[in-house]
Amino acid sequence: MPLQTPAEHELAELLVTSLNLDEVKAADIDPDAALFGADLGLDSIDALELSLAVSQRYGVQLRSDNSDNKKIFSSLRALSAHIQQQRAA
Amino acid sequence: MSQWRGRPEGGGHFALWLIRSISLHAGRRVARLILFPITLYFVLRRGPERRASRAYLTRVFGRRPSFWQLLVHVHYFASTILDRVYLLSGQLQHFDLRVHGLEQLDAQVDRGCGVLLLGVHIGSFEALRVLSQQRPEIRLRVLLDKQQTPAMTELLHALNPEMAASVIHAGQDSTAVVLAMREAAEQGALVGILGDRAREPEATQRVNLFGGDAEFPVAPYQIAAVLKLPLVLAIGLYRGGNRYDLHFEVLHESLRIERRQRDVQLQACAAQFAARLEHYLRIDPYNWFNFYDFWNEKLEAPASDAADTGMQPGERA
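Chains as they are written, first to last, in the working numbering: chain A, 1 to 89; chain B, 1001 to 1317.
By construction, these hints were calculated from the structure, which means they are not laboratory data. In this text the structure is predicted, and so the values were computed from the model without any measurement. Just to be clear, a hint being listed does not mean it is correct.
[What the hints assert, rightly or not] Anything over 10 angstroms on all C-beta distances counts as not near chain A; from chain B, calculated:
id	residue
1	Arg1098
2	Gly1112
3	Gln1133
4	Ala1165
5	Gly1240
6	Glu1253
7	Ala1268
8	Ala1301
[To be verified] Capping the alpha-carbon separation at 20 angstroms, the derived lysine to aspartate or glutamate pairs in DMTMM-like fashion look like this:
id	chain 1	residue 1	chain 2	residue 2
9	A	Lys70	A	Asp30
10	B	Lys1146	B	Glu1202
11	A	Lys70	A	Asp32
12	B	Lys1298	B	Glu1200
13	B	Lys1228	A	Asp43
14	A	Lys70	B	Glu1200
15	A	Lys25	A	Asp39
16	A	Lys71	A	Asp30
17	B	Lys1228	B	Glu1200
18	A	Lys70	B	Glu1103
19	B	Lys1146	A	Asp65
20	A	Lys70	B	Glu1183
21	B	Lys1228	B	Asp1106
22	A	Lys71	B	Asp1173
23	A	Lys70	B	Asp1106
24	B	Lys1298	B	Asp1213
25	B	Lys1228	B	Glu1186
[To be verified] Beyond 10 angstroms from chain A on every Cβ pair, some chain B residues (computed):
id	residue
26	Leu1035
27	His1252
28	Arg1256
29	Arg1260
C-beta atoms are modelled at their ideal positions from N, C-alpha and C, and glycine is treated no differently.
Build the full structure now, drawing on both the sequences and the hints.
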């Protein structure tokens, strides 16, 4: 499994706590694995909950009209990269 | 589960165009006369809808409905489609619109944090337009699938561009849909969704409605819980003639759903919703507008069409 960067690890922790994923360890989330469907099995309701947690923690709004949403929510790595990029902007 | 998606939109482009032209030029009284032949045609020609209507009415009445009752059922449906034209274009003077439970809605709206308004294919959701008079400052944003209901979408654009522009498109990626709902709620809007038809692969719960299990989507309860929105039931019962009774009822003021007990809780939410639908449908049963095999009973076409309409050979409708 590829290593999580510190930013990705922090986001993984947020993901696990905000969604109450008791059975998942943050460190075990493969940063390249799909968040939705097969791998982690999240759904759009989880995405909604995650978007609230991300706004609170990072002050970054995940917007409905962003055409890159599919890519942004595709993996921990993609989501983390998007958040870091938004914070820097 | 999503059989309704396979059926033609009740009252397609032509029917809606016809109704719109007649209703706007000839007035509601004349337009309503035309509903009689349309109703008869629909009952005689649309077998699956007729069987669905009969299956539903049999459940509610406890016996097989007469042909006349099938006609009344479809006539109610046709009437509300016609009235859409007037309601959406703001011609509320045609109607005797009575609002019940507005104070319940008011109390939630006045908190300013958005409200999730749960509608259903019962009566007329468009009767909500009365709110634009009673509470003009409230912004209503309805979830609508443009691809699934092209005729309805077209009608809305023609009659009420402002409302059409505020529609949240249900056809887009589901993550985008829920994020759009969040944004609307954060602006204090009333976010309107329908709670009786699930789209694949949406999660559902099977609960009892009129003595049989049917599947209800659970997303409304999950969204209300995540966004901490009050969930208010909105039903515009058509009562015949020009009368509508619009009912508001708070289902959940603040819903909490624990991941560990999620299924049990969602099941309870869906069961409560179904019980309330029964309550309102008992008041006026002909308001049920899910003209498809809602209970998944595999309604089959009988050998003869005459037998299916419930008419004896030679009998006239």
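Comparing the hints with the structure gives:
1. Even its closest Cβ contact with chain A, about 36 angstroms, leaves Arg1098 (chain B) beyond 10 angstroms, as expected for a residue assigned away from the interface.
2. The beta carbon of Gly1112 (chain B) sits about 18 angstroms from the closest Cβ of chain A, which is more than 10 angstroms, so the claim that it is off the interface holds.
3. With a least CB separation of 30 angstroms from chain A, Gln1133 (chain B) remains clear of the 10 angstroms interface cut-off, as annotated.
4. Distance check on Ala1165 (chain B): its Cβ is at least 14 angstroms (rounded) from any Cβ of chain A, clearing the 10 angstroms threshold; non-interface status holds.
5. The beta carbon of Gly1240 (chain B) sits about 40 angstroms from the closest Cβ of chain A, which is more than 10 angstroms, so the claim that it is off the interface holds.
6. The Cβ of Glu1253 (chain B) sits about 19 angstroms from the closest Cβ of chain A, beyond the 10 angstroms cut-off, so the non-interface label holds.
7. Listed as a non-interface residue, Ala1268 (chain B) keeps its Cβ farther than 10 angstroms from every Cβ of chain A; the least gap is roughly 17 angstroms.
8. Distance check for Ala1301 (chain B) against chain A: the nearest CB is about 37 angstroms away, which clears 10 angstroms, and the non-interface claim stands.
9. Restraint check for Lys70 (chain A) and Asp30 (chain A): the C-alpha separation of about 18 angstroms stays at or below 20 angstroms, so the hint holds.
10. The hinted pair formed by Lys1146 (chain B) and Glu1202 (chain B) meets the criterion: a straight-line CA distance of about 18 angstroms does not exceed 20 angstroms.
11. Note on Lys70 (chain A) and Asp32 (chain A): the hinted pairing holds, with a Cα-Cα distance of about 14 angstroms set against a maximum of 20 angstroms.
12. Restraint check: the Cα-Cα separation between Lys1298 (chain B) and Glu1200 (chain B) comes to about 19 angstroms, which is no more than 20 angstroms; the hinted pair holds.
13. At most 20 angstroms may separate the alpha-carbon atoms for a hinted pair to count; Lys1228 (chain B) and Asp43 (chain A) meet this at roughly 18 angstroms.
14. Restraint check for Lys70 (chain A) and Glu1200 (chain B): satisfied, since their Cα atoms lie roughly 19 angstroms apart, inside the 20 angstroms limit.
15. For the given pair, Lys25 (chain A) sits about 14 angstroms from Asp39 (chain A) by alpha-carbon distance, which is consistent with the 20 angstroms threshold.
16. The hinted pair formed by Lys71 (chain A) and Asp30 (chain A) meets the criterion: a straight-line CA distance of about 16 angstroms does not exceed 20 angstroms.
17. A C-alpha spacing of about 25 angstroms is found between Lys1228 (chain B) and Glu1200 (chain B), which places the hinted pair above 20 angstroms, so the restraint is violated.
18. For the hint pairing Lys70 (chain A) with Glu1103 (chain B), the CA-to-CA distance comes to about 41 angstroms; that exceeds 20 angstroms, so the pair is violated.
19. Only pairs whose Cα atoms come within 20 angstroms are accepted, and Lys1146 (chain B) paired with Asp65 (chain A) is accepted, the gap being roughly 17 angstroms.
20. Proximity of Lys70 (chain A) to Glu1183 (chain B) is assessed by CA-CA distance (about 18 angstroms); at most 20 angstroms being required, the pair is judged to hold.
21. Restraint check for Lys1228 (chain B) and Asp1106 (chain B): satisfied, since their Cα atoms lie roughly 17 angstroms apart, inside the 20 angstroms limit.
22. Among the hinted pairs, Lys71 (chain A) with Asp1173 (chain B) is consistent with the structure: their alpha-carbon atoms are about 12 angstroms apart, no more than 20 angstroms.
23. For the proposed pair Lys70 (chain A) and Asp1106 (chain B), the alpha carbon gap of about 37 angstroms is over 20 angstroms, so the pair is violated.
24. For the hint linking Lys1298 (chain B) to Asp1213 (chain B), the alpha-carbon distance of about 13 angstroms falls within 20 angstroms, and the restraint holds.
25. Between Lys1228 (chain B) and Glu1186 (chain B) the CA atoms are separated by roughly 11 angstroms; this keeps the pair inside 20 angstroms, and the hint holds.
26. Chain A leaves Leu1035 (chain B) outside its interface by the beta-carbon criterion, the shortest separation being 39 angstroms against a cut-off of 10 angstroms.
27. The Cβ of His1252 (chain B) sits about 16 angstroms from the closest Cβ of chain A, beyond the 10 angstroms cut-off, so the non-interface label holds.
28. Under the 10 angstroms C-beta cut-off, the non-interface status given to Arg1256 (chain B) relative to chain A holds; the minimum distance is some 12 angstroms.
29. The Cβ of Arg1260 (chain B) does not lie farther than 10 angstroms from every Cβ of chain A; its closest approach is about 8 angstroms, which violates its non-interface assignment.
The earlier numbered hints that this structure contradicts are 17, 18, 23, 29.
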